[in-house]
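Engineer: Residues per chain, in single letters:
Number of protein chains: 2
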Amino acid sequence: MSTEKERQEIESYFHEKIPLTRAMGVRVEAWDEERLVLTAPLEPNHNHLGTAFGGSLSAVATLAGYGMIWLTLGDKNGHVVIRDSAMRYRRPVRGEIRAVCRAPVADVMDPFKAEFANKGKAHLKLAVTIENGEAIDAATFEGTFVAMR
Amino acid sequence: MSTEKERQEIESYFHEKIPLTRAMGVRVEAWDEERLVLTAPLEPNHNHLGTAFGGSLSAVATLAGYGMIWLTLGDKNGHVVIRDSAMRYRRPVRGEIRAVCRAPVADVMDPFKAEFANKGKAHLKLAVTIENGEAIDAATFEGTFVAMR
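Residue numbers (the working numbering), protein chains in the order written: chain A, 131 to 279; chain B, 131 to 279.
Hints in this document: simulated from the structure, not taken from any laboratory.
A quick note: this is a predicted structure, and the numbers were derived from the prediction, not measured.
Take these hints with a grain of salt, some might be off.
Chain B regions said to be covered by chain A (calculated; three or more residues, Cβ under 8 Å) [claimed, not checked]:
id: 1; segment: 168–178
id: 2; segment: 229–240
id: 3; segment: 243–256
Selected chain B positions facing chain A (Cβ under 8 Å, derived; list incomplete) [as the list claims (entries may be wrong)]:
id: 4; residue: Thr133
id: 5; residue: Phe183
id: 6; residue: Ser186
id: 7; residue: Ala189
id: 8; residue: Thr192
id: 9; residue: Gly208
id: 10; residue: Val211
By construction, the Cβ of each residue, glycine as well, lies at the ideal position given by its N, Cα and C atoms.
Could you build the full structure based on these sequences and the hints that come with them?
Structural biologist: Here it is as structure tokens:
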């Protein structure tokens with residue numbers, strides 16, 4: 131399956147299965163097996179200060195993690211949950227929210243895939259960077275996701 | 131000002147200033163100066179598994195922290211931001227989301243208020259518990275908020 135088709139499928143999956151992603155205007159900007167990039171416009175996600183709401187940043191980062199697991203395993207029907215997460219908010223986001231999740235290196239990803247294939251359950255720690263409009267890191271997320279068959 | 135009036139005001143403030151709270155259906159259930167309780171229905175906040183989306187839980191918990199700071203300082207015009215947060219997801223939430231933020235003890239709260247009054251800037255760490263429908267802890271949140279005048 132082409133990555134472009136996967137990109138569209140994961141966006142449709144988000145919108146269909148997680149209705150808040152529609153309200154947030156989440157789009158899948160890019161997926162090339164090394165990174166997944168999600169975006170969301172500021173307007174439905176702003177806070178009392180006119181910058182991006184921390185809860186929106188956390189939600190988009192969480193979605194990027196889910197998407198990375200689904201796309202990596204090629205299995206959206208796998209039962210994926212989040213176990214824990216940590217956010218560090220560094221700078222306000224004054225425009226479009228952009229969440230970049232880079233695939234872990236093979237030394238991390240390969241054992242995750244093997245364990246999922248063999249045991250039907252595996253966990254993976256993923257980092258997501260939230261960029262503001264100027265491609266500067268505005269927030270960082272780290273979360274542990276558990277995939278079960 | 132009565133706490134009931136404050137309860138209504140903070141709910142209106144959320145809906146007016148942070149539009150995602152309307153999409154999420156966030157309500158202020160209770161505020162009695164010792165705790166702030168927010169709720170959100172499952173329907174607009176469900177995920178691909180039919181349980182509450184982790185991003186919604188994180189967002190409601192973040193809001194509870196903001197609300198606690200605003201209500202404690204009696205000053206919604208203060209510039210409040212979140213610096214960091216950590217979530218631990220323990221059990222799925224299969225019904226209404228309920229976020230309970232208890233006010234820190236006076237030994238913590240009084241210095242925060244004094245520092246904000248004297249220096250115009252202070253930070254406070256707040257814990258929020260997400261309960262599922264059976265009032266059992268489903269997730270815990272800890273976040274550091276910074277208030278500036």
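Engineer: Would you mind marking each hint as holding or not holding in the structure?
Structural biologist: Against the structure, the hints come out as follows:
Look at the segment 168–178 of chain B against chain A: 6 of its residues bring a Cβ nearer than 8 Å to a Cβ of that chain, three or more, so the hint holds. Given as covered by chain A, the segment 229–240 of chain B fails the check, having 0 residues with a CB less than 8 Å from a CB of that chain where 3 are the minimum. A stretch counts as covered by a chain when three or more of its residues have a beta carbon under 8 Å from one of that chain; for the segment 243–256 of chain B and chain A the count is 0, and the coverage is violated. With its C-beta approaching chain A no nearer than about 21 Å, Thr133 of chain B sits outside the 8 Å limit, and its interface hint is violated.
Hint status for Phe183 of chain B: holds, given a least beta-carbon distance of 5 Å to chain A, under 8 Å. Nearest Cβ of chain A to the Cβ of Ser186 of chain B: about 6 Å, under the 8 Å cut. The hint holds. Checking Ala189 of chain B against chain A: minimum C-beta separation of about 3 Å stays under 8 Å; hint holds. Annotation: interface hint on Thr192 of chain B holds; nearest CB of chain A at approximately 4 Å, less than 8 Å.
Checking Gly208 of chain B against chain A: minimum C-beta separation of about 10 Å lies over 8 Å; hint violated. Evaluation of the Val211 of chain B hint against chain A yields a held restraint, the C-beta minimum of about 7 Å falling below 8 Å.
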